[in-house]
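Asker: One letter stands for each residue in the lines below.
Protein chains: 2
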Amino acid sequence: MTVERTLHHFPLDPASRQVRLALGEKRVAFHEVAERYWERRPELTRLNPSGMTPVLVETDGGKTLVVCESRAILEHLEEVTPEPELMGRDLAERAETRRLLQWFDRKFDYEVNGLLLHEKMEKRLLGLGAPDPANMRAGREALRAHLGYVEKLLTERDWLNGRRLSLADFAAAANFSVIDYFGDVPWTDFPAARTWYTKIKSRPCFRPLLTDRWPGLAPVAHYDDLDF
Amino acid sequence: MTVERTLHHFPLDPASRQVRLALGEKRVAFHEVAERYWERRPELTRLNPSGMTPVLVETDGGKTLVVCESRAILEHLEEVTPEPELMGRDLAERAETRRLLQWFDRKFDYEVNGLLLHEKMEKRLLGLGAPDPANMRAGREALRAHLGYVEKLLTERDWLNGRRLSLADFAAAANFSVIDYFGDVPWTDFPAARTWYTKIKSRPCFRPLLTDRWPGLAPVAHYDDLDF
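Protein chains in written order, with full-length UniProt numbering: chain A, 1 to 228; chain B, 1 to 228.
Bear in mind the hints are in silico, worked out from the structure with no lab data behind them. Positions of the beta carbon are idealized from the N, C-alpha and C atoms, including for glycine. Treat the hints with care, since some could be wrong.
Said to hold, decoys possible - Covered, in the sense of this in silico footprint (three residues per stretch, anywhere, with C-beta under 8 Å from a C-beta of chain A), are these stretches of chain B:
hint, stretch
1, 59-67
2, 183-189
Stated by the list, open to error - Covered stretches of chain B (in silico footprint by chain A; criterion: 3 or more residues with CB under 8 Å from a CB of chain A, positions within the stretch not fixed):
hint, stretch
3, 41-50
4, 170-177
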């Protein structure tokens, strides 16, 4: 019996994008349901009481397993489809990957997404009025600090958690890519980060993200350019 | 060679408390360093670039492993000290535990801690002035909604993720216990949650949390009362 998978996601949600990249890298086939999470569709809330994306539904014969929230899905995928291994090969690598997952899920999310994406994307999707320039400026400053940190790591390392591609790279790329959709990543000032992002962007797992478009939210011209 | 462990934590940090409960339940001995994370002690930032607690440092002979952030530490402990198992015995249990970890780490943290603990605790620790009554009111309302959700789960289940104690219970109890330190949990309106909390509070792993006191922040009278 093969497992059938359906991912409920919002294309411009960094958490959903982490899962799409992991599924793509592991060459796991899945159906997609694009969710407008802010509309609180009852079917989505029934699957995940928090009402948030991503949610992975696996059916295997008559059995259904619902896995909610990005970290739960990523840990689950490492358990059920261990190859290629993306968390890390030993305790130290896994600790470093998970530290960086938390970094992007919380610190980056609070400091950058909570300001920049909220102003540029959520306010439009939810009809909350015009963006606040002060918030956008604060978000862009925080973004530069985070890019600086990634730049520093990448001058010492091949990939974010060390010598091998991991979920840490996908977490970072998922977050940067949504900001990049709106043209707000100052790549030219961060050459090592830019080279790293070019490598991730060129991977087959990234292709579906480059075709994402959302009504009313057009991406910048270079968004899907592999030689940006 | 035995592994020596040191936990850098802040006693009233819900994320740190999750780890202390897990270590206690697994009967893993550890040294403690109480951190005032808001003072950005260089040694803490060197261990964890985010500057946040908790951080677990393991030394085994000459080898040192640093594990930063609560989720990373909890997943790590399940790998290195699997008994008693606290994540869940099968994929469905683990998915449910991790869903609830995310619920408390993000949703509860945003909606309750970000308002109520920020106003009642952080502002005092960081010298940010008087609490804002509107924020406290909004935080208390959100707290009631979360208690209602826990109450609903506990009328259907013995423990939060199902039939066995798990990290989901520790995540919930860690968060509620810090609010409870300040006397803000309306237990009487949520009888199933109250019974569940009494059970957790009576466990040996919880004892160290009941003796926590922080200068300038006195707990309410019933805080360490097992029959509250």
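Asker: Work down the list of hints and note, for each, if the structure agrees.
Answerer: Against the structure, the hints come out as follows:
1. 59-67: holds (count 3)
2. 183-189: violated (count 0)
3. 41-50: holds (count 3)
4. 170-177: Not satisfied, violated; 0 residues make the cut.
Checked against the numbered hints above, the structure violates hints 2 and 4; every other hint is satisfied.
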